[in-house]
Every structure is written in structure tokens, then in C-alpha cells.
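The hints should help you fit chain B onto chain A, whose structure is shown.
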Amino acid sequence: MTGTRLSRWTMSYFAIAVAWLIAAEALMSFGFGFPAADLASPDTLVLVHIVCIGWLSMAMCGALFQFVPVLVGEPLFDERWEMPALALLTAGLATLLAGFLSLGGRLPVGLWLLPVGAALLAAGFALVVLDLGLTIWRARPPVGPAHFVFAGLIFLAATVTLGSVFAWSLSGHGGKALDAVLASAVPLHATAGLGGWLTLTAMGVSYRLLSMFMLAPEVDGRSSRLTLGLGAAAIGVAVAGGLLTVAAETGLPIVLGAAAALSLAALALYGRDVVRLYRNRRRRRLELNTRMAAYGIASLVAAALLGGALATTGSFAAHVGAFAFLVAFGWLSGLVLAKLYKIVAFLTWLETYGPAMGRVPTPRVQDLVAERRASKWFAVYFACVWGSTAALLVNQALVFRGINVVMLIATVGIVQELIRTRQLADVAAPLRLPDGTQAPRLLYSRN
Amino acid sequence: MTQYIDVDVRPILRAGGEPFSVIMAALERLEPGQGLRLYATFKPFPLFAVMADKGFAHSASEIGGGEWEVLFSPAEPAPAMASPNSQPTDDWPEPAVRLDNRDLDPPEPMVRILGAAEQLAPGQTLSALLRREPVFLFPHLEKRGYRWLGGFTPDGSTYELTVRAPS
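Just so you know, the sequences run in chain order A and B.
The numbers in the first sequence follow our numbering, run straight up by one, and end at 886.
The numbers in the second sequence follow our numbering, run straight up by one, and end at 184.
Keep in mind the hints are simulated off the structure, nothing from the lab.
Glycine included, C-beta positions come from ideal geometry on N, C-alpha and C.
Fair warning: there could be bad hints in the mix.
[To be verified] Here are a few chain A residues that face chain B, going by a calculated C-beta distance under 10 Å: (1) Gly442; (2) Pro508; (3) Ala622; (4) Ser623; (5) Phe652; (6) Leu654; (7) Glu657; (8) Arg718; (9) Asn719; (10) Arg721; (11) Trp788; (12) Tyr792; (13) Gly793; (14) Met796; (15) Val804.
Bound-form chain B, shown alone:
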């Protein structure tokens, strides 16, 4: 039976903060075989890919009021966590570039993000504010080896995206 450690990032999200580092820190503290129970104010799609990379399967359920409970369970408990090749879980550095693309005509936000991303040094990050989830951008980031994390602010008006260049 998997034991879950609770991480509630709803207060951080409501305050307009970025919960990624808190989640990654909690992940670091997990014992082999333990899972993470995450509470968030939106369904954290972008996190699913990041967690899958780290060997966690997810199961999300809405708990009312648009809030979500997500269980991240170790897919193959001990070996995945103990693997010497597992990705470092350091915090991403502070963004080197900050873009506010909220008032640009689509698809200009995507053009600017890809343009700025190409200028990043290895491992650097950029952050961008958007009106919508940039669904057509993600396949291009993926093809170029970038990683990203994003989600809507609690009021749903702004999508915050962080993109990290391959190191």
C-alpha cells in the first residue's frame, strides 16, 4: 500500500505564486515507494508530464469548486527512485527573461516565446504570461528539447508558463 505525503499548493496558487519548487522539494523528501497527494486549484496538466519523467503515475479527481486532488504514485517503486541516472530535481533557476504576452494577437505569444527560448543559455528559464494555454506551442517545445511548466492563475484570467532550455 503506497503511503502518500500531502502537499497543498492551493494557498500558494491563490496568492498568485508559483508552486513548482515546493512540489519538487516535497518530491525530494519522499522515501522510496512513497507517493504524493497534491491539492491544487486547477487540474495541473503540465505537472503530469514532469512527474511521469520522474517515474510517477497520476490519478486526478475534482474535489469541488474547480479544485483538484491528484495522487502521484511511484510507477516502479524502489528502482526508479534509487536509480543513479534519475534526473536531478533541483529548482529551476529564476527566469532570465520575463514576457507578458497577454495583450498580443494570437499567435504572436507563441512566436515571442519560441524566439526568446532560442536565446536562452543551456539550463536557463524564461517565464511568460498568456491569456490561453498555448496548446500549439508545446509540441514545438518538446521537439526542441525544452521542458515547461504552466497553469492558470486561480481566477483563470492568466496562464503562467515557465520554459527551461535543455542543459
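The following block holds chain A by itself, in its conformation from the complex:
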């Protein structure tokens, strides 16, 4: 057992991810895509894929390359795949976006960009899925949260497969069968991606990180497996059942009803587990990351309630944009930003001061951050997310744009805090770079 080394490229993934997040928010502030354009318009597709692949998936992959080895107590299957995966994902996303822009007539290039982008993305995600999947597989039997990551990776593969089918179809090479999938399966692609890959993985990661950062006893394995079982069943029923209904051309409401019931049960169990984590913590004073994670999780609960209310009143289809916005920016982005704030500080601390620790006085992790200053940005961010959701619900596109400008500023503020942490800007001078240490690089780690 040689322990866990720092992942060299995790910071590079994070840097590219936050750059895409800022790009997405800037586009929304300019009124690009939904709600000014239709939900299914090419412009909205650009926006959605920047958020889901560029920001959320990149951040998640970067975190998992560091986190999965910690989780299973074994080194990563192959560290050398991290960088090629990042390059393929970045090139793939850029190509796919160019394809969407040409689909919308904004670029003259051609629709062949779509399948090329999809193939590059599929290759990049395949490296990620194989590297992480084999790491977990090799350390079997997997421990609690690793089950979630494993299930998440399976749904990632499903999402990419569906997306590749759409890309072929949109470029005119689909044929009748694939065109039928494109016509009806877009919601399934979104469910597999946002629900299966991002939400299940975020849940699994949150179990371990919350318990670690709050000194709380781990959630009992049986309890978390039941949560995962129900959650995975919900997404599985929605995606597999949904595809069957595409073929059978009937029965979609039954499938969606079953999936919704299973999701609510899974969310209730997840809520119970998380409340238990917060209640049983030994660290009484919460750090910024766990306080803000609670807002993220509250956004998930709010999204579930909103989804339920919209479905009962029959207006889900009309407001699916507001629902997806709350899931993507309140729950997923909120949680990821909160956790990035802690993870970047911890990894920077370990990289910089680990070699000198015990030999000379070194700062604490908390000395690398200025929580009071950062918490203002986070508060503004979450207020904007909830305000934007409300604006979408009442169809106030201009108000949505205005709030998004503020949200963009808050996000830049949070990113600025991450950069300051990386630069050790808030560490007092005598402790900042003692003998035997060297300043970390902004965009990658020395391991």
C-alpha cells in the first residue's frame, strides 16, 4: 500500500471547467439560448452542453481522478490517461459546439462536425470511464460511495451513446431507426446525463466528503446502497423504459410515473442520510464548504418539489427549463463549487507543505482561504440561482438575464478566491513558503 498520490491534472480539469462555467453564464447574460431562444434550439444546445460537459463533467472527472483512489485505497488504474482524456474532451466539446452553431446557421462549416465532435467526446469519456471503472473494479468489493461512482459511470456511457446517435442523426446519416430515437429520446439523454451520471456521482461523492469534512460517522453501507439502488432504478427505468416506449410508440406516461416515484423515494432516503450526517457531526462549527453544500442539497429538494408540483398541475413540459436550471445550477453547480472551494485548498496545501511538514512550521489548510470574503460570493450566487429559477417560472426572460449578470459576477468572485488559494495569496508571509517548499503552479500539480 503506497497510499494516494496527488493527481497531476486534477487542477487542469478544474481550470478548464470553471472557464466553461463563466462562458456559459456570460452567454446567458447576453441572452444567448434559452429562454430567449427555444429550449430545443441549436443555441440552447450549445449552452446546455457547455454547462453539462464543459463545466460539470470536467469538474467531476477532475475530482474523481483524485477521489476514486482515496475511496478504494488503490492507485488509479493508469495516471497517464488523464491528460489525453482532457484533450479529447476539450477538442470534442469545441467541435460539437461548432456543429451546433452550424446547425443553427451561425457557422457555415457543416454538420459533419457533430459526429466528429461526438466521436472525440466518446473517446475522451471512454478513457475516463475505463480508468475510473477499472480502478474501482480492481479494488472490489467496492465500498459504499464507490458503488455510486460506478453506477454514475455506466450512465455516463449511456448518455454518450445516446448523444452519439443524435449527432449521427442530426448530421443526416441516421437512417429511419436513429431518427426515431432522435425524435423522442432527447429527454432520456438529459435524464441519463443530469440524473444518472452527474446526480448519482455527486451523491456518492457527497456522502464521503461530508463525513470527512464534518467528522461525522460514515453513512451505513446498507442505507446508502438502498438510496443508490432506488436512484439507479429510477434513471434506469426512465432511460431503458423510455427507449422501449420509443420502439413501442406507447406507454411513456407509465414509465415516467414509475421513474418519478422511484426518484422521489431515492431522494427521500438521500435526504435522510444527509440530515443524519449533519446531525451526527463532531465538528460543531461548519466550514464554508459544508454550509454551501447544504444550499446545494436544499436546491435538489426544491427541484424535486418543483418537479412534483409542475407534474401534478400538468405544466412540467412548459417549465422544464426552470426545473433543469435549478438542478444544473442550484444542486449540481452549487455542490461542485462548494466542494471545489475545499478540495482546491486541501490539495494545494498538501502539494505545497507536505514535503516540509514536521520539519518546519507550516500553515493549516484553513490559512489558505478567506471564508468570510468567499461566503459573500457564494451567498450572492445561490440567491441568483433561486431568483433566476423564479424568473423562468414566471417567463421573465429579461429579469433572468439581469440576474444572470450578477450571478456571473459572483461566479468570477468565487473563481478569483480559488485562484488566490492556489497562489497562497492569503497565507501570512512567514509561513507562506518555508524552507523545503515551492510555490504551486496554477494549472497543474507536482506529484
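This is chain B only, laid out in the frame that chain A set:
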């Protein structure tokens, strides 16, 4: 065909004891070419590195109830055991320092262990109790030439770590 000597450390682990010396003593008694079949209440990751140093390959299988059977087989039977340069297998001395880091905020346990380890005289050991396996600590111990052995207590609530300074 390798002949295996059985060592069952499950009773020691269940009683909250430290089985390292028993394993090392059994290792001393092995004839050249013999292997060790170990029974433990957890997968003894830290032992794998120690045994690899001594020229043993391992293969671990779970035997139910979270318990493990590990076969340590001599990688190159006779020469490795007969080598005059092989590491002494003496017991490690009693810990000179005992740390209880279970209620410290992470990563304070790691900071304290590295701080205490730097104070050890050559060959001395320290022991520490933790809530989690300190996975980020191990690369730093390795870089500084320390050896270590650790594992969870049977109820999984405490990780016991022993660190030995290079002699």
C-alpha cells in the same frame, strides 16, 4: 508446490491486539521455499508492501464476513531467503510515542504524525490511532524512508498505525 504455514491473527485482531510481531515470528520460522497463509479480519494492505520487501508475492481472497485469507508465496524461493543481505526481521521496538489523533480535524492527524516522526531516533517507532486510513500520509512517509504498518480494528472505528524511523 509451495507449502504454506497457517497464521491466524483473527483472535489477536478481535481482542484489539497488534499482530505484526506474530506474523514476523512466523516468517522467521519458514523454511526456504515455504509460504505463509494468513487469516485476518480485514484486507491487510500495509502488510503487502512489507512482505514484498521480504520477497513474498501475495494473493488475497475474501472468505466471508469481511474476513480475508492471504497467501504469501516466496517470489524467488531459495535465494531470497538465503540472501545474507536480507532485512533483519526483528520485532520493531515498543513505540516511543503514542498519538491519539481520532478527534482531530483532518488533516491535523497527518501533520502530528509527520511532526512526531521527525523527532524519532533512528529505528524508533511511534504509534497513532486515527479515524481513517491516512492515504495521503503514506507517500510522504515513503519519501522520507520511514516504514509503516497499519490496519483497522475489527469494528472498523479506529485505524492503528505504527511508523518506524529509518535506522
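Looking at the structure, which of the earlier hints fail to hold? Those not satisfied are hints 3, 4, 8, 9.
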